[in-house]
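Asker: So the chains spell out like this:
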Amino acid sequence: MDDFGVRFALYWPALLDGALTTLWLCLAGMLLGFVLGVLIYLLGSSRSRGCVAFAGVYVSFFRGTPMLAQLLLLFYLPAGLGMDVPALVAAGLALALNTGAYQSQILRSGFAAIPAGQLEAAAVFSIGRWRTLLHIQLPQVVRLTLPALISELIDVIKVSAVVSVISITDLMRVSQQLVSQTYRPLEVYLVAALFYLALTSLLALLGRQLERRWQARS
Amino acid sequence: MNHLPDFGHALLVTLGISFSGAALGLLLGFTLNALRLAVPGFIAVYRLYVWLVRGTPFLAQLLLIYFGLPVLGVTLDAIEASILALCLYSAAYFAELLRSAWASVPIGQLEAAQVHGLSGIQTFWHIQTPQALAFALPLLGNQVILTIKESAVASIITVPELTMTAGQIVSNTFSYVVPYVLLVLSYWLLTLLVGFAAAALGRRATRYLRG
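Chains as they are written, first to last, in the numbering used here: chain A, 131 to 348; chain B, 917 to 1127.
Hints are computed from structural coordinates only; laboratory data are not their basis.
One should not assume that every hint holds.
Under 10 Å between C-beta atoms, here's a sample of chain B residues computed to sit facing chain A [claimed, not checked]: (1) Tyr965; (2) Leu985; (3) His1032; (4) Leu1034; (5) Ser1035; (6) Tyr1092.
Keep in mind the model is a prediction, meaning the values are calculated, not measured.
The beta-carbon is built from N, C-alpha and C at its ideal position, and this holds for glycine as well.
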């Protein structure tokens, strides 16, 4: 056990580094995915039949295919067409496109919960569609759907483990490298799994905390 | 496209590992849920299991099983490891779905069953199980879809399923576009079909509620 302590001291700086890469990649994907999610929601609720159909196909595609297949398509397709996409960009974009589909569905329930009277009032005060969205709808939608958005971020962190296949040194990739250096797969992968568990559990805790605080206030 | 037979075989491997993983996972999830109801102290084990499985990525679980278990003397080949990992993974989600399905059966029915002298086991099998499963069918179908999607990760430990085969065709032919487009389209079609089937089965199973 003492032995393990010594080895753990060797593992953890690398794993921490990988965990930070995972975390910021997921946060970037999540934020970009939020913008995409709002866009897809707006397309899906517009009057144009073409936009509605596009939003429907988008959501069905990104929810109906594996993240790994989406990532490979996004990384290798431009390469096949003669463009070079950096792995980090492909990974962030794939995460954003994927979570955008899920977030559009989460946001839809938030938008639906806002009373129609507010939009009518905004129209009467001649507040534009864009400003209504940014200043009236979105702040309320985010607050209403925050627990679901945090649980979506947890899913993004879990699904992000596959970006290791396009050689991004996230938590998963770093642990694979440690295994090939130490030949101790059991303990390295266990420690890596615990890192993920800590990340997802802390976020879950934060989500519950925020939910409770906002419930107490309203 | 002389690689189409490879692709067909790969589709069968994907179907094989996903459906056997999901079927075993449903069985394990059902057992976990039943134990939670029957054994008073089991709830702590149940919660720990669900927390561990749902808090970590499937890839980490798969690597732990495939590369970590041999350290303990249990060596599985890539397909066995994938099926075991998919089973353990989906069981946690299935168990949670079944927990909510069991909660959907009104408590009055359990009291009525008790008054009529049904034993706990009779109530479980004849009152709760049929209604809960009918209620849960669309959700269970959704979990099967998630399992099919996770099975793509098995390509990383060299299971010759769809994703790995597409990658092999790419490295043999240097054509990127067709194999990867075909890959996502196959998954899409597969998950759409399972979704429709689950919705149809769900409607059939809850017909009695609509009279």
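Asker: Does each hint hold? Answer for all of them.
Answerer: Here is how each hint holds up against the structure:
Proximity of Tyr965(B) to chain A is violated relative to the hint, the smallest CB-CB distance being about 13 Å (cut-off 10 Å). Interface hint at Leu985(B): satisfied, since its Cβ lies 8 Å from the closest Cβ of chain A, which is below the 10 Å cut-off. The closest approach between the C-beta of His1032(B) and any C-beta of chain A is roughly 41 Å, which is over the 10 Å cut-off, so the hint fails. Because the smallest distance between the Cβ of Leu1034(B) and any Cβ of chain A comes to about 38 Å, over 10 Å, the interface hint for this residue is violated.
A hinted interface residue such as Ser1035(B) counts as satisfied when its beta carbon comes closer than 10 Å to some beta carbon of chain A; here the least separation is about 38 Å, so the hint is violated. For Tyr1092(B), the suggested interface contact is upheld, since its CB lies about 3 Å from the closest CB of chain A, less than 10 Å.
When each numbered hint is compared with the structure, violations occur for hints 1, 3, 4, 5.
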